[in-house]
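Taking the hints into account, I'd like the entire structure generated from these sequences.
Protein chains in written order, with my numbering: chain A, 1 to 753; chain B, 1 to 214.
Keep in mind the hints are simulated off the structure, nothing from the lab.
As the structure is a prediction and not an experimental result, all values here were calculated from the model.
C-beta atoms are modelled at their ideal positions from N, C-alpha and C, and glycine is treated no differently.
Any given hint might turn out to be false.
Among the chain A residues that face chain B by a calculated CB cut under 8 Å, a handful are [as the list claims (entries may be wrong)]:
#1 Asn44
#2 Thr50
#3 Ile74
#4 Lys536
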Amino acid sequence: MKGFLVFVIMFGVRMALEAQTSVNGIVRDSKGHPVPGASISLKNTYDGATSDSSGHFHFTTTEKGEQVLSVSCIGYNPYELKIVIELIARNLPIALHEQLSELKAVTISAGSFAAGDSKRGAILSSLDVATTAGSNADITAALKTLPGAQQVGEQEGLFVRGGAGYEAKQYIDGTLVNNPYYTSVPDIAQRGRFSPFLFKGTVFSTGGYSALYGQALSSVVLLESIDLPEKSEVDASISPLLVGLGTQQLSKDKDFSWGINYNYTNVALYFAAVKQVPDYFHMPQYHTADANFRIKTKNGGMLKYYTTFNHNVLGLRRQDVDSLYLNDAFALTNTNWYNNLSWRELLGNGWKMNLGVSYSTNRDSIMQQVQNAANQPEVFSDSAFWMVFKNFGLTSRQDLTQFKAVFDKKLGGISSFRFGGEYWYAYNRQPFQQNNLDTVFKFSNNFSSLFAETDIFITNDLAAKLGLRYEYSSVIARSDLAPRVSLAYKTGTDAQISVAYGIFYQLPENSQLFYTSNLEFTKATHYIINYQKMSKDRIFRVEAYYKQYQDLVKTVPINYFYSTYNNSGSGYADGLEFFWRDKKTFKNFDYWISYSYLDTKRNYLNYTEQLMPSYATHHTASIVVKRFFTDLKVGVNATYSFATGRPYYNFRLDSANQYYLADQGITKDYQSLNLSAEYVPSIGKKNARTFVVLFASMTNALGYNPVFGYNYTYSGDPDLKQPITLPARRFYFIGCFLSWGVDRSQDAINNNL
Amino acid sequence: MQMKSSIFSFLVAFTLLNGQNIFAQSDKYAEAMQKNIALLDSAKTTQDFQSVSNSFERIGDAEKTQWLPYYYAGLALTRAGWSDKNLDKDANSTRAQALCDKAETIEKNAEICSVRNMAATQQMLVDPQGRWMSFGQQASSYLQDGLKLDPNNPRLYYLQGMSIFGTPEAYGGGKKNAKPLFEKALALYKTFQVKPLYPNWGEKLSEDMLAQCQ
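Next comes the structure, spelled out in structure tokens:
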């Protein structure tokens, strides 16, 4: 009986033990707003709940005593709380802290346009660069459709926010590219040397860029090369202008690849069909070969090597500005070899390393000669010294060796700290022959820099980037210290405001350093404010800036032939820019509009006072449209650019060898309509072994005759000035691009059918 | 004697109750899984899916050696991903992939690959033109991984069929190209051994899709 009683009591106790207790509470974030969808659980049990739309949760448990309540929710740091089921389990106040997340956090957008396929905040994709009408797969030409860049059509380079072309620099995988464009030809813009398809990401900074980079007063273009290719393939390109053949091989384990390409461009056929203003006595020909390998390291790092070799020749003749029967002949032979080795590695414990080595050598051989109607050289006496000046020959060699190391450490959350240094050795030599006199200009420069930068995320909505850069250049024996600061604040889901400030230094140009090393760094100070609203298919940006130029190089004339330089120049630029891109409003239709207002003046080189530089204009606008017709497999693209006229000047030397402004004016407005189309017949064909792209483009379709400026005669007579314009009104391109590759992604499925 | 008897009763009672408990432990797993699988099948709103996903994850965390709870937790999120147009697909899929990571620390199999495929596909669909090279390739490689682990898993063929069905005909997709995959999936469903608590979905869906392909 008693035994039975014990049994009953025991059972009762057991029942009591099994009794369910209620656990409830409310989940809030640090601002006190309820957090719905949080998962609440008693550790090591099945018991738990999910918070409702008001943050409340409730569940019952059979557990007893001390337990650990664990709370987790996407976007918040996990949270644990010790509770005692019988005592502390009701009306639990749970406070979650928002997780700092790269996906949600604000990005610093002041002054920079990111282009890339995976990059967040990207404005353009790599394909956009290639399919922007008028770019003809030239990166710089595509970037000119973005606000900040001027429509300068007679010389290469990016003229950004009142800055000259040489104030914008290009970096590949962290190291500077010494000669990013084909060697300049008077009054004819040259293309960039690098194809957009080499890169997975491009950042076009129109100011306020990171302390990791320097030596560019106005702008940097940061190019990030692709890692491993998607598949092995053989490529060929055929066009009346060029032929190319190449291959890219990817190892089976997808951890190693190599590639080799060769291109030959000869415009003889094209120039026979499309008349050019200059008379080409040597048809432009270009040989380009490149090779690469890429290795994925064990820890997920990447070792990449890329080399390209260019050799090109051209010779052209144009009427001499001072004479009706004489011509100026210009001949150029260029050889360029570029090498870039980069290694990025995860070192563990939040450390990352980026090492870069690059070597390039550029050799030019240039001859300029005044020729008579029989194409024979014309010799002048000293009484016509301005004509003597036009006969010269030069060979130039520019070598640059660079080492760069950057170490990056993740600090709790998504904040990070990075530091590093670089060392450049530049060797420049330029023997110059004129009037039977040989002069050898040369200098070498040891340049080093140290830099440190930190990204601090105070919350997901507020971030700061603080950087400092120290530079030393041996040729001028000067050092500088450049601080950079930017801040970004999120004002709404997709909207943010960023500001940036920075000081930027740049070494004077080689052509100036050949004459004197008694120079200082030129200097620019940037102030930028930017508002950006970016949703999936739409981007709106507005940016205002003020830029101050100090210590710009001024020409100090000694006589007609000879000048020296000092740093007494200065200037400023301010402006307002808009950008709007929309892929949503019209189906399958993508367009962007950019507008730049620029107000800039500078006194540099031979300018006599603060003047708007001849490459700048007040208003520049571009509209780019792209439409892909899926059924036809045809893409059609158009770009229309407009810019108001640019100032032009004629500075002349007076008898005291001082410059004076003899003539000036404003050119007519500039406009250009460019069209292109691509036909991709093999797109989406199952197991297509051959992938074909047919491409055609017409640049300046309206045949508008732009005037970029004027060349003056020695006499300076304004009526005799010659307009600088395009070598041909329109430029046409047709080409067929083929690739043979096996996409094995479907094989396993098909084998099992 | 009485004392003895009461001790005896005590021991009997204790053993009995504990014994009952031991059975209850494994039954509890099956019971909880069944209950939540039923909840998953009847879930409609994102909140339902997230809630049942959380429940599965709790079971997984408590059990430590079962991959199925994590699998279902991930599956529930991908269902939310299919049904809720306004859901943040990147966050949802990242979460689903994290659950698959947990499941794969216990066992690697084709079923988990199918959840991974759906998670990647949903991220691809956010911006098909911009993302097919990244998330599209990823989705495809999960199917490859799955087929290596189990070439006879019907769900993998159903998912491949869905991917082709959703691709425009001009790009190698369309009904005609998807049809053989749904047929293959249905043939495999006929012979597929269904184990209790194990995944058993897709047959009806494949039938419906095949009907749409006719």
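Status of the hints after comparison with the structure:
For Asn44 (chain A), the interface hint holds, since its Cβ comes within 8 Å of a Cβ in chain B; the closest pair sits about 5 Å apart. Given the 8 Å rule on beta carbons, the hint for Thr50 (chain A) holds: about 4 Å separates it from the nearest Cβ of chain B. The closest approach between the C-beta of Ile74 (chain A) and any C-beta of chain B is roughly 5 Å, which is under the 8 Å cut-off, so the hint is satisfied. Using the Cβ-Cβ criterion of 8 Å, the hint placing Lys536 (chain A) at the interface with chain B is satisfied: the shortest such distance is roughly 7 Å.
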